[in-house]
Amino acid sequence: MSALYAMSLVGMGGTGGGTVYVGNGKIVGVGAGNLRYSGTYIEQAGRIKGTVNLYAPTGGTLVTGAQVTADSRWSLTLDWPAKFLDGKPQALMVEGHPVHIIMEKIGDI
1 MSALYAMSLV
11 GMGGTGGGTV
21 YVGNGKIVGV
31 GAGNLRYSGT
41 YIEQAGRIKG
51 TVNLYAPTGG
61 TLVTGAQVTA
71 DSRWSLTLDW
81 PAKFLDGKPQ
91 ALMVEGHPVH
101 IIMEKIGDI
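Take the sequence shown: its position 14, counted from the start at 1, is 14 in the numbering used here, and no numbers get skipped.
The hints are simulated quantities; they were obtained by calculation from the structure and are not laboratory data.
Mixed in with the good hints, there may be bad ones.
[Stated by the list, open to error] Lysine-lysine pairs mimicking DSSO-like chemistry, simulated, CA-CA at most 30 Å apart:
(1) K105 / K26
(2) K88 / K26
(3) K49 / K83
(4) K105 / K49
Keep in mind that this is a model prediction, so the values were computed, not measured.
Based on the provided sequences and hints, a complete structural model is requested.
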């Protein structure tokens, strides 16, 4: 599973994208709006469970439509099937709003 992935995100306020590394219990990436992702996960009972910290160093608009100020931070809970590359969007709640993410593997690391 250790690989670099392209992310496509869809929320109530629009679309976005980014790149993220998932592997060895770590999640690290950056979004098109300069959002930064970092977190950890475990694999348990066919699922990936973890926490991802979202950081907006320059502020902006999230795909949920929310306007955020510079230096905003959130902690998100991740609970996805371990085989998240099935072409189906995976859900994630951001500030109480659903975001759907499709991951595409770019390459193994």
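Verification of the hints:
no.: 1; hint: K105 / K26; verdict: holds (16 Å)
no.: 2; hint: K88 / K26; verdict: holds (22 Å)
no.: 3; hint: K49 / K83; verdict: holds (12 Å)
no.: 4; hint: K105 / K49; verdict: holds (19 Å)
Taken one by one, the earlier hints all hold for this structure without exception.
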